[in-house]
Amino acid sequence: MITDFWLHPALILIVGAFILPFLPKWLKRPYLVMVPTLAFLAVLSMQGQHGTFGVVRFLDWYLTFGRVDGLSMVFAYIMTLMCIIGTIYGLHVEEDFQHVAAWLYVAGSLGVIFCGDYLVLFLFWELMAFASVFLVWFRRRPESLAVGYRYLLVHTAGGLALLAGLILRYQATGGDLSFGPIGVGSPSLSTYLIMIGFLLNAAVPPFHAWLPDAYGEATVSGAVFMCAFTTKTAVYALARAFAGMEILVPLGVCMALYGVVYAVLENDARRLLAYHIISQVGYMVAGVGIGTELAINGTCAHAFAHILYKGLLFMGCGSVLHMTGKSKFSELGGLYKKMPMAFVFTMIGGLSISAFPLFSGFVSKAMIVAAGFEVHNYWAAFLLTLASAGTFLHTGLKVPYFIWFGKNNCSRETWDKAADPPWNMQLGMAIAAFLCILIGSYTPYLYNMLPYPQVAAGYHPYTTYHLSETLQILLFTALGFFLLIKKLAPEPTISIDLDWFYRMGGRGFFWLARKPIQWADSCVSEGYRYVGLIPLMTTARFWSWFDWHAIDGVVDGLAKTVRGIGGLVRRAQSGQLQYNIFYAVSFVAVALVLYVFA
4 MITDFWLHPA LILIVGAFIL PFLPKWLKRP YLVMVPTLAF LAVLSMQGQH
54 GTFGVVRFLD WYLTFGRVDG LSMVFAYIMT LMCIIGTIYG LHVEEDFQHV
104 AAWLYVAGSL GVIFCGDYLV LFLFWELMAF ASVFLVWFRR RPESLAVGYR
154 YLLVHTAGGL ALLAGLILRY QATGGDLSFG PIGVGSPSLS TYLIMIGFLL
204 NAAVPPFHAW LPDAYGEATV SGAVFMCAFT TKTAVYALAR AFAGMEILVP
254 LGVCMALYGV VYAVLENDAR RLLAYHIISQ VGYMVAGVGI GTELAINGTC
304 AHAFAHILYK GLLFMGCGSV LHMTGKSKFS ELGGLYKKMP MAFVFTMIGG
354 LSISAFPLFS GFVSKAMIVA AGFEVHNYWA AFLLTLASAG TFLHTGLKVP
404 YFIWFGKNNC SRETWDKAAD PPWNMQLGMA IAAFLCILIG SYTPYLYNML
454 PYPQVAAGYH PYTTYHLSET LQILLFTALG FFLLIKKLAP EPTISIDLDW
504 FYRMGGRGFF WLARKPIQWA DSCVSEGYRY VGLIPLMTTA RFWSWFDWHA
554 IDGVVDGLAK TVRGIGGLVR RAQSGQLQYN IFYAVSFVAV ALVLYVFA
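Residue numbering for the sequence shown is 4 to 601, as defined by the working numbering.
No wet-lab data here; the hints were simulated from the structure. Please note: incorrect hints may appear among the correct ones.
[Said to hold, decoys possible] List time: in silico DSS-like cross-link candidates among lysine-lysine, alpha-carbon distance up to 27 Å:
| no. | residue 1 | residue 2 |
| --- | --- | --- |
| 1 | K331 | K518 |
| 2 | K341 | K331 |
| 3 | K490 | K410 |
| 4 | K341 | K410 |
| 5 | K489 | K331 |
| 6 | K331 | K410 |
| 7 | K518 | K420 |
| 8 | K420 | K341 |
| 9 | K340 | K410 |
| 10 | K341 | K489 |
| 11 | K489 | K340 |
| 12 | K420 | K410 |
| 13 | K410 | K489 |
| 14 | K420 | K340 |
| 15 | K340 | K490 |
All chains, please: the whole structure from these sequences, using the hints.
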C-alpha cells in the first residue's frame, strides 16, 4: 500500500512510452514533446518538498521509490531536461520504438536517482541496461548486433556484481536494504562488490571499453541519450553511497588522463567524444573520492554541465553523421560552408567542455580542482588541471578543425549531401547551447540547485587567478595544437585499448573450447564407446537372443501344448447334452470308487 500520493517522473515516461505506438501519426510529434515536459514539470513540483514518498510494502520489505533531497533533485532536474532536449533532437525519427527505448532508459535513470533502497535501485539499474542496448541495435548495421551484445554482457556482469554485493550486505546487516552512505571507513566485501557495480557503469578503466564501443555505434539520436544518462547515474550512486572513499581519487585522476590520451588518438568523432566522457567522468569520480561538501557540489555541478555540453557535442557530430553518413575525421573536412549552424553549436559545446570563461565547464570543473587543493591533495588537483589541457586539445580544437576546417577529405557524394540538419535537430542544439552559456554566465542558476547551496554561494569561479590560469592553459594548448597540427592529422587507424585483453581472452577461450577441450571430449566419447558402450551393446544383444530363443521358446512351447490339449478336448465334445451328462457322471463314479478302495 502506498503511503502518500506521489507522481514519479519515471512513471510518466513509462506510461507515455507504452501509449506512443498506438497514437495516430499526426499526434505523435506533439505527444513526444509533451511527455518528457510533464516529467520535467513533475520534478519541478518537488522543489522545496524534500522527504520520502512512494513507500510500497512488498513481502517483508518496504520499498522506497521516492527519496527527494538536494542530491536527487539536481540530478533529476538535468536528466528530465536532457530528455526534453534529446526528444526534440530526435523528432524526425519515425520509428516509435526508438523513442520507447529512450524513454524507458531515462525512466530507469530517474528510478535510480529517487530510490531509497537497493531493491528498487537494482530494478531500475537493469531497466537502464536493457532499454539502452536497443539504442545501439536500432542502427541496424552488421556491427551493431555484436556491439549491443558486448554492451549487454558487460552491464549484466556489473549487475551481477551489484546483486552479489547487496545480498551480502543484506545478510551482514540483518536485513538492511537502505541505499545511503555505505560506511567507507571500514569497507567489506559487499562494499567493494557494490562499488564495482557502480564503477562499471561509470566506465572506470579497465571496465570502460564498452563506452566508446557502444556510443560510437548507437543511432544518431540514441547516442545523445546514452552520453547523458548511464555514467552520470553511476556518479549519482557513487556520490550517494561512497562519498569520501579514498580509492576513488586515484581512479578518477587515471580516468581523466586516460580518456584524454585515447581521445587524441581517435579518428572517429563520436568515439573521440565517448573517450572524453571517460575523462570528464573522472573529475566527478575524483570529486566523490575527495568527499567534502565543496567536492560533492563540484561533482554535481560538473555532471549537470557535462550532460548539456556533451549532449550538444554528440548532437553536433551526430548531425554530420545524419546528413553525410560519415563520422571519421579522415573522411570529412571543410564543412563550415555547408553546415554553418552545426559548426556554431558544436563550437559552443567545445568551448564549454574546455572550461572557457563564460561557458559552463569553467564554473563546474574548477570547483572539483579547488576542493582537491582545499584538502591538500595537490597531486590530484594538479593532474586534473593537466587533463583540462588535453580536453581543449582534442574536443575544443581537433573536433571542429578537422570536421569544419582543415583539409577537405570529403568524397563528392559526401560533399553533395552535406547541409545543416532539420529544424528539430537545430532546435535541440540551440537549447543546449543556450544553457551552456547561461550556466557559465549566470552561476546562481546552477549553484542554487546544488546539494550544499551555502557552500556553493561561497565559491567564486571568476577570480583573477582562475581566469589567468585558465587562459594560459588554453593559450598554450592552442599554440601546441597549431605547431603540431601535422602530427595530429587524422589517420584511418584503430587504437588498441584494454578491451584487447578480454577480446583476446575470448578468442583464447574459444580456441581452448574448440581444440583441447573438444579433443578431450572426443577422447572421452571414444573411450566410453569402447569401454562402456560396446560391452553394453554386446550384453544387450545376448539377452535379446536369450529372450527370443529361451524365454520366448518356453512360453511359446507351453502355449502350443495347451492349445493341443484344448484341441483334443474339443474333439471329445459331441455337442449332445445327454452324452455330456453321461460322461460326467461316469467320471465322478469312477473317481468315487477309486477313492473308496484306495
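Each hint, compared with the structure:
Among the hinted pairs, K331 with K518 is inconsistent with the structure: their alpha-carbon atoms are about 39 Å apart, more than 27 Å. Distance hint between K341 and K331 is fulfilled; the C-alpha atoms sit about 17 Å from each other, no more than 27 Å. Straight-line distance between C-alpha atoms of K490 and K410 comes to about 14 Å, which keeps the hinted pair within the 27 Å bound. Distance check on the hinted pair: K341 and K410 sit about 15 Å apart at the alpha-carbon level, within 27 Å; holds.
Using a Cα cut-off of 27 Å, the hinted pair K489 and K331 holds, with the two alpha carbons roughly 17 Å apart. Proximity of K331 to K410 is assessed by CA-CA distance (about 13 Å); at most 27 Å being required, the pair is judged to hold. Between K518 and K420 the CA atoms are separated by roughly 50 Å; this puts the pair beyond 27 Å, and the hint is violated. A hinted pair counts as satisfied when its Cα atoms are at most 27 Å apart, and K420 with K341 qualifies at roughly 9 Å.
Annotation: proposed proximity of K340 to K410 holds, straight-line Cα distance about 13 Å (limit 27 Å). Simply put, K341 and K489 have alpha-carbon atoms about 24 Å apart, close enough for the 27 Å limit, and the pair holds. Taking the CA atoms of K489 and K340, the gap is about 23 Å. The hint holds against a cut of 27 Å. The hinted pair formed by K420 and K410 meets the criterion: a straight-line CA distance of about 18 Å does not exceed 27 Å.
With a CA separation close to 11 Å, the supplied pair K410 and K489 stays within the 27 Å bound. Annotation: proposed proximity of K420 to K340 holds, straight-line Cα distance about 13 Å (limit 27 Å). With a C-alpha separation of about 25 Å, the suggested pair K340 and K490 falls inside the 27 Å cut-off, and the hint holds.
The structure fails to meet hints 1, 7 from the earlier list, while all remaining hints are met.
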